[in-house]
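Asker: As a plain string of letters, each chain reads:
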Amino acid sequence: MELVADIVSWALLGAGSVFIVIGGIGLLRMPDFFTRLHPAGITDTMGAGLILLGLIVQAGFSLVSLKLLLIMAFLFITSPTTTHTTARAALAAGLKPLLAPEADRKDG
Amino acid sequence: MKHHRVLRIAAKLLIPFIMLFGLYVQFHGDFGPGGGFQAGVIFAAAIILYALIFGLENARKVAPTRIVTMLISAGVLLFAGVGVVPMFLGANYLDYSPLGATQQSGQHIGILLVEFGVGITVAATMIAIFFQFAGRGRDE
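If you read the sequences in order, they're chains A and B.
Heads up: take any position in the first sequence, counting from 1, add 6, and you land on my numbering.
Heads up: take any position in the second sequence, counting from 1, add 50, and you land on my numbering.
Honestly, the hints are just simulated from the structure, not real lab data.
Treat each hint with caution, since some may be false.
Label pairs and their in silico Cβ distance ranges [claimed, not checked]:
#1 A:Ile13 / B:Arg55: 39 to 45 angstroms
#2 B:Leu70 / A:His90: 23 to 29 angstroms
#3 A:Met7 / B:Thr152: 24 to 30 angstroms
#4 A:Met7 / B:Ser123: 55 to 61 angstroms
#5 A:Arg35 / B:His158: 36 to 42 angstroms
#6 B:Arg58 / A:Ser68: 53 to 59 angstroms
These numbers come from a predicted model, not from an experiment.
The beta-carbon is built from N, C-alpha and C at its ideal position, and this holds for glycine as well.
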């Protein structure tokens with residue numbers, strides 16, 4: 007049982023780390039602001055979520071795991087909201103996506 | 051900010067928990083990390099978030115300036131009052147030992163009350179500062 011929990015939690019921790027690395031690479035490689043927000047969002051939700059899930063499995067059924075679950079729930083609410091707000095603020099400031107039709111795009 | 055539905059719903063979900071966490075930091079401060087100052091700032095952050103999302107006018111209804119101003123001094127009064135009580139019980143100013151049955155429980159009660167005073171003052175001051183800055187050039 008201990009072994010199963012260890013394997014599951016390590017798999018979750020590894021998957022979460024992979025998502026964070028993907029998010030980091032995406033943040034550097036993506037061409038413009040809006041596409042960069044996408045990998046940044048992945049780091050917050052999938053990366054942090056899977057790592058916290060792995061830690062919950064490692065902690066077992068206790069107060070610690072409940073606290074981790076709460077952190078996860080709040081991350082799942084707040085980080086998509088911040089991504090959404092950032093994108094909206096950029097749009098409101100006049101930044102157009104790179105792939106928007108040429109007529110819609112602002113110079114500079 | 052009326053049209054930002056996502057922001058409004060996320061804020062509505064989070065504000066009660068921010069306030070609850072502020073109270074946790076306040077009253078758990080003697081067992082874990084925390085204390086009056088931090089709790090006051092967290093509690094004020096909930097009100098400031100409300101003001102940012104739902105507008106300054108609505109926030110002023112939630113935390114009327116008159117009450118906020120009174121709370122600023124009420125916290126200081128609580129701090130100083132808790133300090134004075136031991137003087138009537140034959141100890142020094144801010145020496146909480148005679149407040150409880152034993153020295154330890156007395157110190158515990160004293161710290162809890164004093165920190166509560168700090169929390170009230172800090173929260174009210176933060177809210178008042180934010181309202182002053184946010185309302186600049188709008189009214190008066």
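Asker: Please go over all the hints and tell whether each is borne out by the structure.
Answerer: Hints versus structure:
1. Distance hint for Ile13 (chain A) and Arg55 (chain B): a CB-CB separation of about 42 angstroms, consistent with the stated range 39 to 45 angstroms.
2. At roughly 25 angstroms, the beta carbons of Leu70 (chain B) and His90 (chain A) sit within the given window of 23 to 29 angstroms.
3. Met7 (chain A) and Thr152 (chain B) have their C-beta atoms about 46 angstroms apart, which leaves the hinted 24 to 30 angstroms range violated.
4. Hint check: Met7 (chain A) to Ser123 (chain B), Cβ distance near 59 angstroms, so the stated range 55 to 61 angstroms holds.
5. Our hint of 36 to 42 angstroms for Arg35 (chain A) and His158 (chain B) is violated, since their Cβ atoms are close to 56 angstroms apart.
6. As the Cβ distance of Arg58 (chain B) to Ser68 (chain A) is approximately 35 angstroms, the hint placing it in 53 to 59 angstroms is violated.
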